[in-house]
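Visitor: Sequence:
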Amino acid sequence: MKRNIKPDRLILYSIAFSVVFIATGIILQLNTERIISKSRSASREAIESFHLHNKLQNIVKNVILTESRVRGFVITGDSNFIVGVQDTLNLLKQELEGLEKASMNQYNQASFTTLASLIEKRILTTNEIIQVYTSLGKAQAEKRISSKAGSILRDSITDLSMQLEKELYDQLQAGIAQNRKRTLYVLIISRLLTILGLSGIVILSMLVIRHILAQHKLIGELELANEKETEARHNIERISAEIQDLYNNAPCGYHSIDHEARIVAMNDTELKWLGYTREEVVGRLFIYDILDEATAQSVRENFSTFKKNGSVRERRLTMRTKTGETFPVVLNSVAVYDTAGNYVSSRSTIYDITQQQKAETELKEARQQAIESANVKEQFLANMSHEIRTPINSVIGFTNLIQKTTMTEEQQQFVNLIQSASENLLTIINDILDISKIEAGMLRIEKNPFSLRGLCSSIETMFYHKAREKNLSFSLYIQDNIPDTLTGDAVRLTQILVNLISNAIKFTQKGGIAINITKLDQQQETLRLRFSVKDSGIGIPADKLEPIFERFQQGETDTTRKYGGTGLGLSIVRNLVQLQDGNISVESEQGKGTEFIFDIAYSLVPVGETLTASLSEKTAITAGAFPDAQILVVEDNSMNQLLIKFTFESWKVNYQLADNGAKAIEWLQRSTFSLVLLDIQMPLMDGYATAQAIRKELKSDIPIIAMTAHALAGEREKCISYGMNDYISKPIHEKELFSLLKKYLDGNRDSNLETLKNELHYIDLNFLEDMVMGNGEFLKTIVKQFLKQFPGEMEALKNAVEEKNAKQVATLAHHIQSTVSILGKNTPFFQQLEKLEKLAKKHTAASTLATEFDKLHDYKHLLLQEVNQLLNAQIF
1 MKRNIKPDRL
11 ILYSIAFSVV
21 FIATGIILQL
31 NTERIISKSR
41 SASREAIESF
51 HLHNKLQNIV
61 KNVILTESRV
71 RGFVITGDSN
81 FIVGVQDTLN
91 LLKQELEGLE
101 KASMNQYNQA
111 SFTTLASLIE
121 KRILTTNEII
131 QVYTSLGKAQ
141 AEKRISSKAG
151 SILRDSITDL
161 SMQLEKELYD
171 QLQAGIAQNR
181 KRTLYVLIIS
191 RLLTILGLSG
201 IVILSMLVIR
211 HILAQHKLIG
221 ELELANEKET
231 EARHNIERIS
241 AEIQDLYNNA
251 PCGYHSIDHE
261 ARIVAMNDTE
271 LKWLGYTREE
281 VVGRLFIYDI
291 LDEATAQSVR
301 ENFSTFKKNG
311 SVRERRLTMR
321 TKTGETFPVV
331 LNSVAVYDTA
341 GNYVSSRSTI
351 YDITQQQKAE
361 TELKEARQQA
371 IESANVKEQF
381 LANMSHEIRT
391 PINSVIGFTN
401 LIQKTTMTEE
411 QQQFVNLIQS
421 ASENLLTIIN
431 DILDISKIEA
441 GMLRIEKNPF
451 SLRGLCSSIE
461 TMFYHKAREK
471 NLSFSLYIQD
481 NIPDTLTGDA
491 VRLTQILVNL
501 ISNAIKFTQK
511 GGIAINITKL
521 DQQQETLRLR
531 FSVKDSGIGI
541 PADKLEPIFE
551 RFQQGETDTT
561 RKYGGTGLGL
571 SIVRNLVQLQ
581 DGNISVESEQ
591 GKGTEFIFDI
601 AYSLVPVGET
611 LTASLSEKTA
621 ITAGAFPDAQ
631 ILVVEDNSMN
641 QLLIKFTFES
651 WKVNYQLADN
661 GAKAIEWLQR
671 STFSLVLLDI
681 QMPLMDGYAT
691 AQAIRKELKS
701 DIPIIAMTAH
711 ALAGEREKCI
721 SYGMNDYISK
731 PIHEKELFSL
741 LKKYLDGNRD
751 SNLETLKNEL
761 HYIDLNFLED
771 MVMGNGEFLK
781 TIVKQFLKQF
791 PGEMEALKNA
801 VEEKNAKQVA
811 TLAHHIQSTV
821 SILGKNTPFF
831 QQLEKLEKLA
841 KKHTAASTLA
851 TEFDKLHDYK
861 HLLLQEVNQL
871 LNAQIF
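Numbered according to UniProt numbering, the sequence shown spans residues 1 to 876.
Heads up, some of the hints might be wrong.
With a Cα cut of at most 27 Å, we get these calculated DSS-like pairs of lysine-lysine [claimed, not checked]:
id	residue 1	residue 2
1	K470	K506
2	K807	K835
3	K798	K842
4	K825	K842
5	K121	K61
6	K757	K742
7	K807	K841
8	K592	K506
9	K404	K652
10	K838	K519
11	K825	K855
12	K780	K757
13	K757	K784
14	K652	K506
15	K788	K798
16	K825	K807
17	K447	K519
Derived DEER-like restraints, expressed as beta-carbon distance ranges [stated by the list, open to error]:
id	residue 1	residue 2	range
18	Q524	F327	55 to 65 Å
19	S700	Q479	44 to 54 Å
20	S37	S147	51 to 61 Å
21	T494	P627	31 to 41 Å
If you are wondering where the hints come from, they were derived from the structure by calculation, not from laboratory data. Even for Gly, the Cβ is constructed at its ideal location relative to N, Cα and C.
The whole structure should be built from the sequences, with the hints applied where relevant.
Guide: Structure follows, in structure tokens:
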């Protein structure tokens, strides 16, 4: 974030810069003055040196001039030559004295003294020459002039003067150079100071400008902030007004009460409801004053609790207006506390629920009417079901009994037609009842372990002969990697497949029906299967595919007339699939066939868990199966009594009939029975009351199986809730009844069967039980056939392995799988056999095949031991 220089910091910078700038200026000024002073001094010295130089030259010149005049005088004898010589000599003496004084502090004093001495000596010599000339004559004077000493003196004066001139010149040049340096130094310092000053001014100016701009920006921001503040203040005022308006005119009441329950605030809405003005309420009335007596008492009792807990949620109260009228409200309230935790006031909202209570009352009444209507409908359906299924029970039951007698071919044909018509009528009734269950939401999906292959085997058995009667091919394929044991509703899956396959056979005249079950998706605990039922029948027109799943809809308008049916089957199928979180679709081409595809998810059964779902409904009926049993049959319908009589007599079952519940109680009080078959709808005392009397009055735990033509949803649960053990719907099928009797009367057999299931590991007893349907003789036959065929096949396989004939090994292994499959596929032996076949087909090394066969050979001995154990178990 860019930071602006604060004003006080800018002033500090300015002061610091000014101090530095002034100090630098002062120092520079002092330095400059010192340099100028030195320059002046040097200039003076230079001038003095120049004067000295001139004086020195004049002295030397005058000395030479005097000497020349004297020489001229001596040579010529002309006295004019020496005119003024004496004055010149006196002047020289004065100049020499001035020269000595001028050079005392600055120059080589010794040189000047020497020069002065030499010149004085020369002056004396000159005076002596003149005197010699005057007194001794010209020759002596010339001799003195020409003497070597005079020449040396002259040369010494000349040389010394030249040396002094040079020294003066050098000193003058040094002073000039020094002045130049000082001048340059002053110039550089001045320029630097100028640059620094200008830079400082520029920087300071920039800082000032920046500060000014920042100030302008800040002023702009402040102005904008002021505008926003003004706008915000207006908004706050507007919002406050809106809040105040909302508070006063909200569709709910609002009030606040203090620690004494005195009302300290109330909005206009609540005041309007109560018929008071604010002045009449606030600070004057307590909350109890605007409640009816019962509510006020309750609030008084709970007010301290509210102050402690701090809130009340959705509490219904009755308020009282100024005129004494009352109306219901819902109260929500929270407490407000000070910093010390003391209760200060409440914040409470109330909603007038007069209309809501009215609607609730109307809804309850409507719901009660709907329940009564549904009960009437359910009772009507139950009655119709009972009234229709009861005679059908007799028709189907007696038809089954007649079929066991000797008849002519024509009689057999008539009986078959009666049975077919009865079954068709029962199917229609069941479809209608299933629709009623779906509409009522009472159709439940049960989840129990079941054998998928066992279920499909039953369906294949059910429809195979029907397909063959019409010369249709029939195939059912289950993908190999699908586990056999799944958890789900096997009954509903059977119902779906039966409906679809029945339609396929009904509408197919040539070709065939193919059922395919494949894996669609598998998760850790679930498996979604894809079911396909495909036929080569008449097909469905494209414009009829969409409504085909609707009720009472069929492909063509004359389909019902040609093929029969109610048009409910596919609607039921779709609902059953959707109830199991599945999807169903149809593909069809008219004249070529139809394919129904649906998917359902099932739970995987953990390894080691056995099937709990009963497969006993496929148990074969054998006479004399319950020699020690004594059954009490409670049935008021004479036809059903007769049917039970002939059925039990053919099974060699001991029984006693009672035509109502009261007689049943009497029989149970004076005799011992093994099981009670109890009809539900009877005069005097119905089945429900009878069951409760058996459990509560007689304190008996005898097994009770309900017999009822009430096939509606929830009937089984209702029977169980009244103390009955199980339920069978009319019309009663012999196998279903026999299975129930076997379940409750043959406890030892079930116990032995479960024990054997836990002991056998190389035989899938669930699969075997499903296949033989409880027929012990059939079991013995197929096991004996297995023992006859299996050893020889294993010997042939052993020879093929020893001969290292992989192709023959694969062929024999596959063939033996068919033999062993009657004992189940989910066994170690079968799985090892599959592995050996796959390895042989891949032409695996002979040594590997031999190793795998050795394992199979070990499994063979264990398998044969369990087969012998099964034969000796006598469980079927």
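Visitor: Compare the structure with each hint and give your call.
Guide: Evaluation of the provided hints:
Only pairs whose Cα atoms come within 27 Å are accepted, and K470 paired with K506 is accepted, the gap being roughly 10 Å. Distance hint between K807 and K835 is fulfilled; the C-alpha atoms sit about 14 Å from each other, no more than 27 Å. Distance check on the hinted pair: K798 and K842 sit about 18 Å apart at the alpha-carbon level, within 27 Å; holds. In summary, the hint linking K825 to K842 is supported, as the alpha carbons are separated by about 22 Å, within the 27 Å threshold.
Taking the CA atoms of K121 and K61, the gap is about 16 Å. The hint holds against a cut of 27 Å. Pair hint K757 plus K742 holds up; C-alpha atoms about 18 Å apart against a cutoff of 27 Å. Taken as a hint, the K807 and K841 pair is honoured in the structure, with Cα atoms around 7 Å apart against an allowance of 27 Å. Using a Cα cut-off of 27 Å, the hinted pair K592 and K506 holds, with the two alpha carbons roughly 15 Å apart.
Proximity of K404 to K652 is assessed by CA-CA distance (about 15 Å); at most 27 Å being required, the pair is judged to hold. Restraint check: the Cα-Cα separation between K838 and K519 comes to about 22 Å, which is no more than 27 Å; the hinted pair holds. For a cut-off of 27 Å, the pair hint linking K825 to K855 stands: about 17 Å separates their Cα positions. Between K780 and K757 the CA atoms are separated by roughly 17 Å; this keeps the pair inside 27 Å, and the hint holds.
For the suggested pair K757 and K784, the alpha carbons sit about 20 Å apart, so the restraint of at most 27 Å is met. A threshold of 27 Å between alpha carbons decides the hint, and for K652 with K506 the separation of about 39 Å lies outside it, so the pair is violated. Only pairs whose Cα atoms come within 27 Å are accepted, and K788 paired with K798 is accepted, the gap being roughly 17 Å. The hinted pair formed by K825 and K807 meets the criterion: a straight-line CA distance of about 23 Å does not exceed 27 Å.
Distance check on the hinted pair: K447 and K519 sit about 19 Å apart at the alpha-carbon level, within 27 Å; holds. Taking the beta carbon of each, Q524 and F327 are about 58 Å apart, inside 55 to 65 Å as hinted. Between S700 and Q479 the beta carbons are some 50 Å apart, a value that agrees with the proposed interval 44 to 54 Å. Range check, S37 to S147: Cβ separation about 52 Å, and the 51 to 61 Å hint holds.
Under the hint 31 to 41 Å, the C-beta atoms of T494 and P627, about 33 Å apart, fit the expected range.
Hint compliance for this structure: hint 14 alone is broken.
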